[in-house]
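Colleague: Take a look at the letters that make up each chain.
Number of protein chains: 2
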Amino acid sequence: MSFEVHILGSNSAAPAHGRHHTSQVLRIQDMQIMIDCGEATQLQMKRYGLRKNRLSHIFISHLHGDHFLGLMGLLSTMHLNGRKTALYLYGPVGLSEIIQLHLKYANTRLSYPIHFQELKGDQSELILDHPKITVQTIPLQHRIPCTGFLIKEKPKPKRLKKERVSELRVRDINILKKGEDVLDESGNLKFKNTDYTLPAKKSRSYAYCSDTKYNEDIIPLVKEVDLLYHEGTFLHDNLERAESTFHTTAKQAGIIAQKANVGQLLIGHFSNRYKELQPLLEEAQKEFANTALAEEGKVFTIEE
Amino acid sequence: MSFEVHILGSNSAAPAHGRHHTSQVLRIQDMQIMIDCGEATQLQMKRYGLRKNRLSHIFISHLHGDHFLGLMGLLSTMHLNGRKTALYLYGPVGLSEIIQLHLKYANTRLSYPIHFQELKGDQSELILDHPKITVQTIPLQHRIPCTGFLIKEKPKPKRLKKERVSELRVRDINILKKGEDVLDESGNLKFKNTDYTLPAKKSRSYAYCSDTKYNEDIIPLVKEVDLLYHEGTFLHDNLERAESTFHTTAKQAGIIAQKANVGQLLIGHFSNRYKELQPLLEEAQKEFANTALAEEGKVFTIEE
Chain P
584 MSFEVHILGS NSAAPAHGRH HTSQVLRIQD MQIMIDCGEA TQLQMKRYGL
634 RKNRLSHIFI SHLHGDHFLG LMGLLSTMHL NGRKTALYLY GPVGLSEIIQ
684 LHLKYANTRL SYPIHFQELK GDQSELILDH PKITVQTIPL QHRIPCTGFL
734 IKEKPKPKRL KKERVSELRV RDINILKKGE DVLDESGNLK FKNTDYTLPA
784 KKSRSYAYCS DTKYNEDIIP LVKEVDLLYH EGTFLHDNLE RAESTFHTTA
834 KQAGIIAQKA NVGQLLIGHF SNRYKELQPL LEEAQKEFAN TALAEEGKVF
884 TIEE
Chain Z
584 MSFEVHILGS NSAAPAHGRH HTSQVLRIQD MQIMIDCGEA TQLQMKRYGL
634 RKNRLSHIFI SHLHGDHFLG LMGLLSTMHL NGRKTALYLY GPVGLSEIIQ
684 LHLKYANTRL SYPIHFQELK GDQSELILDH PKITVQTIPL QHRIPCTGFL
734 IKEKPKPKRL KKERVSELRV RDINILKKGE DVLDESGNLK FKNTDYTLPA
784 KKSRSYAYCS DTKYNEDIIP LVKEVDLLYH EGTFLHDNLE RAESTFHTTA
834 KQAGIIAQKA NVGQLLIGHF SNRYKELQPL LEEAQKEFAN TALAEEGKVF
884 TIEE
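Chains P and Z, in that order, give the protein sequences.
Take the position in the first sequence, starting the count at 1, then add 583; the result is the number in the working numbering.
Take the position in the second sequence, starting the count at 1, then add 583; the result is the number in the working numbering.
Simulated from the structure, these hints should not be mistaken for laboratory data.
One thing to keep in mind: the hints can contain errors.
Calculated lysine-lysine pairs in the DSS-like style (CA-CA distance at most 30 Å, straight line) [as the list claims (entries may be wrong)]:
id	chain 1	residue 1	chain 2	residue 2
1	P	K703	Z	K737
2	Z	K667	P	K796
3	Z	K703	P	K858
4	Z	K858	P	K858
5	P	K858	Z	K629
6	P	K629	Z	K629
7	Z	K796	P	K687
8	Z	K881	P	K667
9	P	K635	Z	K858
10	P	K629	Z	K703
11	P	K687	Z	K703
12	P	K796	Z	K687
13	P	K635	Z	K667
14	Z	K796	P	K667
15	Z	K629	P	K881
16	P	K629	Z	K881
17	P	K629	Z	K635
Use the sequences and the hints to build the structure in full.
Modeller: Laid out in structure tokens, this is it:
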């Protein structure tokens, strides 16, 4: 079962060096969700073979243009394609108002409903409790209200030992998958759970933290996630600029990853001043070895 | 002196077949102005080597996304580049409100002033009277308020015959360039204008008409322009669809060009249903031979 993070763009501020604004598509099991949607995201989806109508949920971190100016075009194209399926949209105060204003002046009523949930931003909240995943917000510290997102697979059923399945009825299987023993009518042990099952596959997790200044308050939330995307806009010799613009250096992203003991770190939201990204990578890797650059076109997979 | 129309995109509705949404940059003498600004226009400008900070005027025809969703990103990038020069922006009711709402939630004050002029749309008005050009609106018939634009060079001075310049003082030259004779102090003819001058170079003109249904009312306004861009969204076998969506067929665009006796016709705003554009071109050419496809990356030059 897939758990993939497709990077569509990870450049900050203005597009540069052939790099696009921030957007990611997550393919988790049979779900396809988007985090942030910079300008030209719909073109990037096409470029990388991702289908728009598969998207069920879109999460917008904040209302700086490089994180959401592609949203209106994407919503519009899904409308023109005749989408009927509801879309679940999460974003800060103002996002819904901006969308409504566009639709008003375009005199357009979308062909599908949007269920919009406004994010609080000041404390972590559970915003999606889906049969397969949960999504929680991660309060971030930026110049305007901004939230990260923690996406976790729900606990999975125990796996049956193939060689013993033939002994079981459907009812037994359902009980065993839950991790319980099967009892007979008199209440005596019939099938001991561990004789018939293997441990469940692990529930994978991904955290997205952009944009934010260095903030150790997020560590408990992202503790031991399999994959952490954390902005690393600047090299650490630009710490002052990072702080004044509420951004993080690559080194600081590495420190967060190390302190939170995550599986892998992705850095992104690269400043235009860096044509070459290798120095950012190396700086983060000094703090946390298992770091990669979230360059567009790359797909990061979390194994089960 | 240049008069060039750079096509950055000319696809309608959703981007498709590698074609982008509508935007054009005009380079007229030393001015650089933009008409419409679909999503990813700033990326297209980079691709074709056009510099954003040279833009002085932007004209938005209407508030359907494929004509203006790149504007906010372009304005934002010019801000991030530290632009100081005022920008003159023209568009329908609502455009300014949408921009202000974005800036409010981004908590951003642009580094440069925008002088916004709201377009009336119901009758042609002179919206720019610049030393080098004039711009008039062309009322169009679309599903929402929409205007085209007629851009004309102002009359140019007469040219001096090079072999006779040495006989003249600066004051004489200024008089002769205006087309007048130079008189001596007693009021007698000193330099007869036609002995010293050649006719002025012609004042070139360009008209942009998109989006609109077929509407002969525009003909007097675009009469004999050197270059007419007119949407030709559909083939004529889709006339019914063109009419119901307030668009024009390629054949109808050709008829307008023929009736208005223009120099050259460009058709654009191609529907997604056409991967190949040649049939649209051929259909328009049957009505008006000197027609070209306004494909992105092409530059159309009007000679003096």
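Colleague: Would you list, in rising numerical order, the hints stated earlier that this structure does not obey?
Modeller: Hints 1, 3, 4, 8, 10, 13 not satisfied by this model.
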